[in-house]
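Using the sequences and the hints, build the whole thing.
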Amino acid sequence: MTDKRTLILQTTRGLLNDYDYTQITISQIAKACGIGKGTVYEYFQSKEDLFIQVIVSYTEEQNQVLCQPLEAVSLAQAIYDIVLRLYDMFERNSAMPSLFLGILQQQGLPAEILNKVCHLLTPLCNSFISYIRRLCQNAVARGELRCLPDEFALSYISLGLASYIAMKHHSDLPKELLAEKCTQMVLRQLPLAKEPSHA
1 MTDKRTLILQ TTRGLLNDYD YTQITISQIA KACGIGKGTV YEYFQSKEDL FIQVIVSYTE
61 EQNQVLCQPL EAVSLAQAIY DIVLRLYDMF ERNSAMPSLF LGILQQQGLP AEILNKVCHL
121 LTPLCNSFIS YIRRLCQNAV ARGELRCLPD EFALSYISLG LASYIAMKHH SDLPKELLAE
181 KCTQMVLRQL PLAKEPSHA
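Per the numbering used here, the sequence shown runs over residues 1 to 199.
Hint data in this document are derived by calculation from the structure and do not stem from the laboratory.
Every residue, glycine too, gets a C-beta built ideally from N, C-alpha and C.
Worth double-checking, as some hints may not be accurate.
As the list claims (entries may be wrong) - Straight-line Cα separation of at most 30 Å, DSS-like style, residue types lysine-lysine; simulated pairs:
1) Lys116 x Lys31
2) Lys4 x Lys47
3) Lys116 x Lys168
4) Lys168 x Lys194
5) Lys4 x Lys37
6) Lys116 x Lys47
7) Lys168 x Lys181
8) Lys175 x Lys194
9) Lys194 x Lys181
10) Lys116 x Lys4
11) Lys31 x Lys47
12) Lys4 x Lys31
13) Lys37 x Lys116
14) Lys47 x Lys37
Unchecked claim - Pairwise CB distance ranges, derived in the manner of DEER restraints:
15) Leu192 x Ser27: 50 to 58 Å
16) Ala32 x Asp150: 46 to 54 Å
17) Asp172 x Gln137: 32 to 40 Å
Printed below as a string of structure tokens:
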């Protein structure tokens, strides 16, 4: 049985698929959960606190995707596979980018709230960079890459890829074609030892 805190978080994530962050109220969330408004405040201090915890749950989901063991496939196939997994994650959480921006752009928020949101971005970015680094380290060991890209290049590639997926996941482009385009985009920026091919 789902506990009330989890129910509130899941319900809020669902509402974000249909409403903008600024349009959602605690009363609306409570009604959708089938609980009293006061019950929401037993678990979350404010609307902002609730939405920050929604973002935390999103980052935890991303980390689960990025912490999976690497499979013994080519670099090209590994990139292709992670793009598909991230695409599916963005599909399930399409409201997250606007939630980040909605909180950051809201006027009059306490600095403490803004700092919490900004601090959540750092591990979100670092986990993705770490995953791409692991892919590249494996590729160097297998002779697919001449050398490991430096940290700036890894950051540039990782964040560029994540941004591209976030922008394109809602387009009419089939996800398999998007994954292929992303794979080629990343491979062009890496010191390949030979022409890439899928495993």
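Evaluation of the provided hints:
1. Lys116 x Lys31: Measuring from Cα to Cα gives roughly 27 Å; hence the hint holds.
2. Lys4 x Lys47: This hinted pair holds, its Cα atoms lying about 16 Å apart.
3. Lys116 x Lys168: 27 Å, holds
4. Lys168 x Lys194: At roughly 29 Å apart (the allowed maximum being 30 Å), Lys194 and Lys168 satisfy the hint.
5. Lys4 x Lys37: Answer holds: Lys4 to Lys37 is near 12 Å, not above 30 Å.
6. Lys116 x Lys47: 14 Å, holds
7. Lys168 x Lys181: Within the cut-off at roughly 11 Å; holds.
8. Lys175 x Lys194: 26 Å, holds
9. Lys194 x Lys181: 19 Å, holds
10. Lys116 x Lys4: Since the Cα atoms of Lys116 and Lys4 sit roughly 23 Å apart, the hinted pair holds (cutoff 30 Å).
11. Lys31 x Lys47: This hinted pair holds, its Cα atoms lying about 15 Å apart.
12. Lys4 x Lys31: Holds, at about 13 Å.
13. Lys37 x Lys116: Between Lys37 and Lys116 the Cα gap is close to 24 Å, so the pair holds against 30 Å.
14. Lys47 x Lys37: 11 Å, holds
15. Leu192 x Ser27: 50 to 58 Å: 56 Å, holds
16. Ala32 x Asp150: 46 to 54 Å: Hint holds: Cβ distance 48 Å, inside 46 to 54 Å.
17. Asp172 x Gln137: 32 to 40 Å: 36 Å, holds
The earlier numbered hints are all upheld by this structure, with none contradicted.
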